[in-house]
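> Working from the sequences, and respecting the hints, build out all of it.
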Amino acid sequence: MSKTAEAHSLAREPRVKDALDHARAAAQELHGALSDAAAKRGGAIKADLESVPTKARAIAESIGSSLGAQNAAAKQSLAEAATYLQATAAHATEALKSSGRAAETSIQRAITDARTSVQKISEAVAAKRSAAPTLQLKK
Amino acid sequence: MRNFVAIVFDQKEKAYKGLHELWQLDEAADITVHGTAVVHRDDWGRFEVDTKETHPVFATAVGVGIGALLGALAGPAGAAIGAASGALIGGAVDLDRSDTRQRAVVETEFVLGRGQSAVIADVSEDWNSAIETRMRALGGTVHRHSRSSLQGDAAAADGFYPYDDYLYPYEYVPSRYTPYYGW
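Top to bottom, those sequences are chains A and B. Offset between the first sequence (1-based) and the numbering used here: plus 787. Offset between the second sequence (1-based) and the numbering used here: plus 23.
By construction, these hints were calculated from the structure, which means they are not laboratory data. Be aware that one or more of the hints could be misleading.
Partial chain A-side listing against chain B, Cβ under 10 Å, derived [said to hold, decoys possible]:
#1 R802
#2 A814
#3 H818
#4 S893
Here are a few chain B residues that face chain A, going by a calculated C-beta distance under 7 Å [as the list claims (entries may be wrong)]:
#5 A52
#6 T55
#7 H57
#8 S147
#9 P192
#10 Y193
All residues carry an ideal CB built from backbone N, CA and C; glycine is no exception.
This is the structure we're talking about:
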C-alpha cells in the first residue's frame, strides 16, 4: 500500500474521542437544553433550568483540568470558554431567582453565553486538529 | 483556515442530508464545524431560517446574519443589502423602500435561488476538498468566503459584523424535517 493510501486508510478508522471532544459535546448539549427550555413557559422553564448551573460549572472544571495537555492557541480558547460557561451558570441562576421579563432576559443571556462557550471549545478543537500531523503513518 | 460556506441544494431533503454530512466530516476530524443553519427560499423569493428559538430578537439576529452572509457571498455590494433582507425574517426591522427590498431579493438570489435550500456553516478547514467532494456528490454547490476577509471588510466599513453567534453550534434538525433526515 502506498503511503498516501495508507494514510487515507488510517484517517477512516474510528476516531477516539478525547477530553476536549467530550467537553464540546457536553457544552453543545447544554446549549440545546437551554434553547429548548426557552421555548417553554413558566414552571416548565424553571424545572429545566435547575440543573444548568451545575452542568455549566462541571464543564468549565473539566476544561480547566484538561488545559495542561493543550497547545497555546487551544488554551486561550478554552480559558475563554470556561469564562463563558461560568457566565452561563450565573445567568441561569439569576433566571431561577427571577420572573417575567427579568427571567427571560437572563435566559437569553445564558443561551448567548452557552453558544459562545461551544464556539470557543470548537476553536480549541480546530487549533488542536490543525496542529496534529497530517500523515500518521505506521512504522 | 476559518471560512463561512453556503452549500446550495435544489431540494430541502438534500440540504438536511448535506447538514448531516457536514457534521460527519467534523466527527471524522476532517474539518471543524463551529455552527450551522439551514435556510430555504420559497417560490416568491422570501427566505426562512429553520430555528427553534422563538425570541424575536434572536430571530432577527439570525435573519440579519444569514442575509448578510448570503449578500457577502454574492459580492461586495451585497452584504448590507443581504443583511437588510435577512432582517425581514425576524420582522423587527423593516425596509421602507420597495425598490430596496426588490434589489435585496435579486442580490441574494445570486447565491440562493427561488425554491432552493442552503446549509450555512462556519467551519475551520485545512483544505477545501473535504467539503467540496462530499457536497458535490450530493448535488450541492459550495460558496465560500473567508472569515478574516469578512472581519476585514467590517473593520474597513462601520464595524457591522453580524456573522457570529447566530448559527447552531451542533446539528439541529427541526422535527418537521426528521422524515428527510438520517438516511
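> Does each hint hold? Answer for all of them.
Here's how the hints hold up against the structure:
Taking 10 Å as the C-beta contact cut-off toward chain B, the hint placing A/R802 at the interface holds, the least distance being around 6 Å. Taking 10 Å as the C-beta cut-off, the interface hint given for A/A814 holds, the closest approach to chain B being about 8 Å. For A/H818, the shortest C-beta to C-beta distance to chain B is roughly 6 Å, which falls under 10 Å, so the interface hint holds. This hint is violated: A/S893 has a C-beta 13 Å from the nearest C-beta of chain B, more than the 10 Å allowed.
Proximity of B/A52 to chain A holds as hinted, the smallest CB-CB distance being about 5 Å (cut-off 7 Å). For the restraint placing B/T55 at the interface with chain A, the shortest Cβ-Cβ distance is roughly 4 Å, inside the 7 Å limit, so the hint holds. Because the smallest distance between the Cβ of B/H57 and any Cβ of chain A comes to about 5 Å, under 7 Å, the interface hint for this residue holds. Interface restraint check for B/S147: the shortest CB-CB distance to chain A comes to about 4 Å, inside 7 Å, so the restraint holds.
Interface restraint check for B/P192: the shortest CB-CB distance to chain A comes to about 4 Å, inside 7 Å, so the restraint holds. Proximity of B/Y193 to chain A holds as hinted, the smallest CB-CB distance being about 4 Å (cut-off 7 Å).
The structure fails to meet hint 4 from the earlier list, while all remaining hints are met.
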